[in-house]
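Asks: Protein chains in written order, with my numbering: chain G, 2 to 312; chain C, 164 to 521.
Keep in mind that the hints were calculated from the coordinates and are not lab data.
It cannot be assumed that every hint is accurate.
Stated by the list, open to error - Per the computed footprint, the stretches of chain C lying under chain G, defined by three or more beta-carbons under 8 Å from a beta-carbon of chain G, are: (1) 287–293; (2) 303–316; (3) 495–504.
To be verified - Capping the alpha-carbon separation at 30 Å, the derived lysine-lysine pairs in BS3-like fashion look like this: (4) G:K49 - C:K292; (5) G:K228 - C:K481; (6) C:K173 - C:K513.
Cβ atoms here follow ideal geometry from the backbone N, Cα and C, with glycine treated the same way.
Here's the letter readout for the chains.
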Amino acid sequence: MEILKAVFLSPFAEMIGSPRFFAEVVVGGLLTGVMYSLVALGFVLIFKASGVFNFAQGAMVLFAALTLVGLMEHGAPVWLALILTLAVMTGLAWLIERLMLRPLVNQPDISLFMATLGLSYLLQGVGQLAWGSNVMVLDIGLPDQSFKVLGILINEQNLAAAVVAAVLVAVLAVFFQWTRVGRALRAVADDHQAAQSVGIPLNRIWLIVWSVAGMVALVAGVMWGAKSGVQFSLALIALKALPVLILGGFTSVPGAIVGGLIIGVGEKIAEVYWGPAAGGAIEDWFAYMLALVFLLFRPQGLFGERIIERV
Amino acid sequence: MLYRETGQFKSTYVQDQAIFPIRQDRWAVALIALVAFVAVPLLANEYWLQAVLIPFVIFSLAAIGLNLLTGYAGQLSLGTGAFMAVGAYATFKITTAFPGLDLAVIFILAGVAAAGVGLVFGLPSLRIKGFYLAVATLAAQFFLTWMFNRVPWFYNYNSSGTITAPPRRMLGILVSGAAAPAPVRYLAALSFLALLALAAKNLVRGRIGRNWMAVRDMDVAAEVIGIRTARTKLLAFAISSFYCGIAGAMMVFLWLGSAETLAFDIDVSFQVLFMVIIGGLGSILGSILGAAFITLVPILLTNLPRLAGLDIATDVSKNLEYVVFGGLIVFFLIAEPLGLARLWHTFKDKLRLWPFPY
Numbered sequence: 002m003e004i005l006k007a008v009f010l011s012p013f014a015e016m017i018g019s020p021r022f023f024a025e026v027v028v029g030g031l032l033t034g035v036m037y038s039l040v041a042l043g044f045v046l047i048f049k050a051s052g053v054f055n056f057a058q059g060a061m062v063l064f065a066a067l068t069l070v071g072l073m074e075h076g077a078p079v080w081l082a083l084i085l086t087l088a089v090m091t092g093l094a095w096l097i098e099r100l101m102l103r104p105l106v107n108q109p110d111i112s113l114f115m116a117t118l119g120l121s122y123l124l125q126g127v128g129q130l131a132w133g134s135n136v137m138v139l140d141i142g143l144p145d146q147s148f149k150v151l152g153i154l155i156n157e158q159n160l161a162a163a164v165v166a167a168v169l170v171a172v173l174a175v176f177f178q179w180t181r182v183g184r185a186l187r188a189v190a191d192d193h194q195a196a197q198s199v200g201i202p203l204n205r206i207w208l209i210v211w212s213v214a215g216m217v218a219l220v221a222g223v224m225w226g227a228k229s230g231v232q233f234s235l236a237l238i239a240l241k242a243l244p245v246l247i248l249g250g251f252t253s254v255p256g257a258i259v260g261g262l263i264i265g266v267g268e269k270i271a272e273v274y275w276g277p278a279a280g281g282a283i284e285d286w287f288a289y290m291l292a293l294v295f296l297l298f299r300p301q302g303l304f305g306e307r308i309i310e311r312v
Numbered sequence: 164m165l166y167r168e169t170g171q172f173k174s175t176y177v178q179d180q181a182i183f184p185i186r187q188d189r190w191a192v193a194l195i196a197l198v199a200f201v202a203v204p205l206l207a208n209e210y211w212l213q214a215v216l217i218p219f220v221i222f223s224l225a226a227i228g229l230n231l232l233t234g235y236a237g238q239l240s241l242g243t244g245a246f247m248a249v250g251a252y253a254t255f256k257i258t259t260a261f262p263g264l265d266l267a268v269i270f271i272l273a274g275v276a277a278a279g280v281g282l283v284f285g286l287p288s289l290r291i292k293g294f295y296l297a298v299a300t301l302a303a304q305f306f307l308t309w310m311f312n313r314v315p316w317f318y319n320y321n322s323s324g325t326i327t328a329p330p331r332r333m334l335g336i337l338v339s340g341a342a343a344p345a346p347v348r349y350l351a352a353l354s355f356l357a358l359l360a361l362a363a364k365n366l367v368r369g370r371i372g373r374n375w376m377a378v379r380d381m382d383v384a385a386e387v388i389g390i391r392t393a394r395t396k397l398l399a400f401a402i403s404s405f406y407c408g409i410a411g412a413m414m415v416f417l418w419l420g421s422a423e424t425l426a427f428d429i430d431v432s433f434q435v436l437f438m439v440i441i442g443g444l445g446s447i448l449g450s451i452l453g454a455a456f457i458t459l460v461p462i463l464l465t466n467l468p469r470l471a472g473l474d475i476a477t478d479v480s481k482n483l484e485y486v487v488f489g490g491l492i493v494f495f496l497i498a499e500p501l502g503l504a505r506l507w508h509t510f511k512d513k514l515r516l517w518p519f520p521y
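Produce the entire structure from the sequences given, and follow the hints as far as they go.
Replies: See below:
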């Protein structure tokens with residue numbers, strides 16, 4: 002009886018009892034969701050353009066953040082460090098394309114997936130070998146105060162992350178929709194062979210996609226790093242981005258954003274209202290369960306392309 | 164010269180269907196069994212058994228389990244660690260409730276429990292496949308480890324939150340607990356591996372295995388030729404989890420002695436997946452080779468610098484291990500995407516003709 006009450010009754014009573022607190026939880030969840038979206042975005046970009054399920058995205062976030070912090074600790078100003086890190090990520094994309102993707106062309110998807118798992122180990126190791134494995138503080142001058150709007154507490158840093166994410170998505174949308182390279186990217190995403198036969202260089206497209214994913218990883222790394230310090234656990238947020246992908250669909254940029262928001266809000270609400278009844282720390286798996294239940298009804302995700310089976 | 168099958172005629176169906184149709188293979192297997200069951204326990208010291216051989220045997224079993232699911236039935240799973248945890252916690256609960264029951268029986272029961280859980284978490288495979296399914300199995304991984312961590316009933320309300328292997332007997336011989344000697348624990352684990360590997364080999368040669376492979380290659384086509392895909396997929400999940408569950412039970416009771424959920428976290432799932440991939444998808448022998456490779460490499464990596472006289476700080480060597488490990492996996496996938504099992508077959512084909520070129 003007690004447990005039933007704790008699950009079905011008191012959470013809702015609490016929500017109605019203090020709507021302001023509820024709104025605060027929702028806003029907090031939305032802002033965390035934006036951060037998940039940022040990571041998920043990197044996955045979607047690569048999956049769309051090359052069909053590779055890039056498990057190393059989390060490691061790339063860590064690697065980018067580590068490089069940035071490392072450069073800044075060596076005295077580089079923020080803007081220089083950012084540019085240098087971007088250059089490093091582009092170089093990395095080039096290396097990945099040359100050494101990993103090209104020899105693995107035409108292999109089954111699972112081989113490519115495994116290769117990115119290996120890559121993820123490799124990047125974590127290299128990043129920490131080069132810059133040390135201590136927790137480092139990333140301070141690029143983002144404000145970190147909270148203020149109130151309509152009586153709801155909002156953290157400025159989270160808000161900045163949301164703004165950055167919005168700008169990033171807008172830029173990517175423009176890039177995909179209206180530029181020559183973007184159109185080539187969409188062509189490759191649709192059909193590798195057809196794209197190649199009309200003269201789109203596959204290798205260069207992959208290089209661009211992985212560079213863009215590296216850039217997104219850098220943005221995500223900056224945001225997460227500023228929030229919780231640059232450390233090994235950054236590589237694990239990739240695991241948090243996976244349910245977001247399921248929810249939004251592997252191939253949809255808006256899906257990554259909406260999925261991230263849903264997961265962020267759902268997780269926060271579950272943790273705050275149902276966490277005590279379940280013994281706490283349900284954040285670890287709640288997103289996965291949400292995604293799993295969702296999949297049973299809509300296997301291709303919210304915005305994913307319909308799966309059509311042909312024999 | 165040495166490896167010729169000329170003159171070995173098969174005159175009965177039984178001979179034709181033998182697992183090892185070539186006489187030299189049978190000798191080799193007998194020799195390996197002799198070494199593994201007799202020579203190793205007599206000669207190996209405590210360190211070798213505890214650090215290398217027992218984990219190798221246990222992870223071989225887990226890798227066979229995952230290979231049945233991923234390599235044969237084509238369902239990618241990242242929840243191996245969780246299914247192993249189910250086996251371990253089930254063994255712990257059963258053996259503390261019925262202390263007199265033989266540990267071998269309990270292992271089987273724990274495997275059945277894991278199979279049941281695997282069945283439930285295999286249900287999404289009826290609707291989704293590929294990477295979506297892989298992410299869905301991560302739900303099993305996170306939910307189950309959380310549950311074993313948070314619900315005190317599973318570890319009998321003790322204050323440390325760990326499960327500890329009590330002294331228990333298997334067929335009258337003490338195999339678990341602090342007093343059980345390493346060679347005995349090794350032999351117990353090896354016996355389970357040998358029996359279950361044989362069972363797996365026969366399973367995949369028969370109707371069930373063929374159904375799995377048909378579903379793996381194309382499930383719509385499999386359905387068209389009359390295979391019940393739902394049942395086939397769920398069976399793959401159940402049997403795979405059965406193997407993983409027993410491996411998990413052995414991990415706590417025959418190897419570690421005590422464990423908490425951290426011993427079954429997502430890294431374990433990845434490790435077993437690496438074994439399957441490096442060993443070769445869809446090969447029982449490959450699972451064992453892959454397990455040998457993945458358990459040996461980290462040990463080599465930690466010991467090599469010391470042997471070479473280099474003194475490396477632990478965090479550096481840990482990161483170095485990551486780098487070498489990741490690099491090796493990428494290299495392996497490029498050099499031999501079909502895994503160690505494929506290498507072995509190429510070697511055998513060469514050996515058949517040796518010393519002539521053709």
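Asks: Does the structure break any of the earlier hints, and which numbers would those be?
Replies: Violated: none.
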